[in-house]
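Keeping their order, the protein sequence lines are chains A and B.
The numbers in the first sequence follow numbering that gives the first Met the number 0, run straight up by one, and end at 279.
The numbers in the second sequence follow numbering that gives the first Met the number 0, run straight up by one, and end at 411.
A couple of the hints might just be wrong.
Here are the computed distance ranges between Cβ atoms for each label pair [what the hints assert, rightly or not]:
(1) B:L196 x A:F258: 29 to 39 Å
(2) B:T18 x A:F202: 52 to 62 Å
(3) B:K135 x A:I141: 28 to 38 Å
(4) A:F202 x B:D47: 49 to 59 Å
(5) B:S158 x A:A115: 13 to 23 Å
(6) A:A115 x B:N410: 26 to 36 Å
Don't read these hints as lab results, they were simulated from the structure.
All figures in this text were calculated on a predicted structure; none of them were measured in a lab.
Heads up, the beta-carbon is just placed ideally off N, CA and C, and yes, glycines get one too.
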Amino acid sequence: MARIVTYESDNSLKKGYFSIFLEIFDEIRYNKWLTFQLFKRDFFGTYKQSFIGIFWAFIMPFFSLGTFILLNRSGIFSIGDIDTPYPIYAMVGISFWQIFSTGLISSSNSLAQAGAMITKINFSKKSLVIASMAKTTVTFLIQSILVALLFIFYHIAPSIGIFLIPIVIIPLMLFVIGLGFILSLLNAFIKDVGNGLSVIVTFLMFLTPVLYAKPSTGMLAHLTKFNPLYYIVSAGRDLVLKGVISEPRGFLFSVVMSFVIFIIFLFIFHLTETRVTERI
Amino acid sequence: MDNNVAIKVENVSKKFCKTLKKSMLYGLVDIGKNILGLRTNSGTLRSDEFLAVDNVSFEVKRGETLGLIGPNGSGKTTLLKMLNGIFWPDKGKISIRGKVGALIAVGAGFHPLLTGRENIYVNSAVLGMNRHEVNKKFDSIVEFADIGDFLDMPVKNYSSGMFVRLGFSVAVHCEPDILLVDEVLAVGDSNFIIKSLNKVSSLIKESNMSLIFVSHSNTMIKAVCKKALYIENGICKKIGNAFDVVEAYEADCLEKRKSLRYKDKYQRIKSRHDAGIDRILLLDKDGREKTTFKIGDFLKIRAHVVANIPLDDPSIQIAIFDEKGECILSQISKTDNIIFPAIYGKAYIDFAIPEIPFNVGLYPFSVKLMDGSLIDTVDYHVKTNYIAVESGGKSGFNGKLWINGKWKICNA
């Protein structure tokens, strides 16, 4: 006999928190294929009406990189002490940073963009948020090609630590998806969130030592100490370039934080997703 | 819940907010409360909120078909969306048994730049199919949608009919236990509508699917559904046998249109001051004045004529229109070979219809008084009056006319 589903107001409260947790993970697992299809939809939809297509993923970092090199050469801006060629240093940093920046923006837009789809069809909205990350991952993979080319160009070999990259990427993705859950909800009916976010992400990029070395003195040095993004991005870069994470404590703390954020916001998303569809 | 019941709706209400800013605010408050595990007291209305669906209850058994009718904005789609779980009721409870397939807006998940082929996969997934199912049914989906060479073309180039066909095809291939259909077939051509209805009916017969069907076509509701629910302003006004419910709905619609017609511009073209049609009356068989009649009733249209100078060779024209303005009847006394004597003073001319042959609806009519030749108009009342026709037990299934035809079956 088929399963009975009931809809009531404050549905989740009546079920208890523990069973909700199982429900959430069941739902995500069950919808793997859906997530993949939504990813395809998002990915192909973005690049179809474009000649350069996915190669835009190459172009964006080039420009940020170029700007910083230019600023540095003109003496306006000091990159700091680094022991690898700057383009490699920066490119590796940008690749990780972009998981955060593009991931956050596309996931926070995922619900708002789906518009009619979520008000007219009932499907797992979690898949929508997760799928928006997949595009970011592909962009990351493509950018790694760029990084590989740079390594070849400078005749440098990456460290063996490169194989440990997933321990950086997984927490980073969870961090972004976690934030994406809550931001996409808010952005769906309060458009200020989306607008504010693109401003903040750019701002954070300058605030976080991605394209320059961590300063040792000054206010920025102090701020960086409490910037989890710095620890994650630099851990990734350390693994690729040196093979060891130079600030393991900060990194570990950031990883734990990412997991906590992911779980909490996933939970909140689950409790409130239907509230949002009625207000879109 | 009884094993035979597919959908059970108990005292369900849903509220919406009239202003966007307040809606955003309430949304935040509700989300906050949900996160903290507090009740949202969703049963009570805050300022600027209104009930889109108000205390509706019904039950649909497996294999049963229920039509939802009501004017625009009455809450039909909101109800459907709640049944689909797109949003939850603020009050009451909905229980659903089995897989729900919904066609609330066809092709809602279609990406305009992706091809039909790509969209079939995405849309199937969104509607709840898995990879295995889609691969198995892909050819059948394409065949049913009948989009031919367009399969590998971006769907933004599709005609609206093709769009609907593809969307509908995907939805029915989900093999739902319960299918919710919201006024989507209106776009398809008649071939496709027949094909779709056949498909739906075979799903109902073969897999005992339940159907909830929203339509503004009363004919469609009568044809497709056994039961119907008439909803207005969120309140369930009548539920029961589809024919009875549609009749109640039609009667209400007629009542509303009658009051609307009074606001219509009264148009009278009077070319002479010394003669004219004074009054136009509708009389029943007992000579009582009425505006609403039942199909098959006796009806007399009476035109009171006042002539201060003698009107030689007078004749009258009666033209009856349907609500779209198309003339369905126009007769002139003279061309019916009736010659009236001259009128001087007061007189009245009757046009009797022994059995009203018009189907349920509102029929405006014009009365024209002429003297001498047919181009000498004395007075012309253009659609200033109407005949309202109610079903009264008998009514045409659709169409404009109902005649008292005699049915008979014989063994041959």
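Structure-based check of all given hints:
{"no.": "1", "hint": "B:L196 x A:F258: 29 to 39 Å", "result": "violated, 53 Å"}
{"no.": "2", "hint": "B:T18 x A:F202: 52 to 62 Å", "result": "violated, 33 Å"}
{"no.": "3", "hint": "B:K135 x A:I141: 28 to 38 Å", "result": "holds, 34 Å"}
{"no.": "4", "hint": "A:F202 x B:D47: 49 to 59 Å", "result": "violated, 36 Å"}
{"no.": "5", "hint": "B:S158 x A:A115: 13 to 23 Å", "result": "holds, 19 Å"}
{"no.": "6", "hint": "A:A115 x B:N410: 26 to 36 Å", "result": "violated, 57 Å"}
In terms of the numbered hints stated before, the structure departs from hints 1, 2, 4 and 6, listed from lowest to highest.
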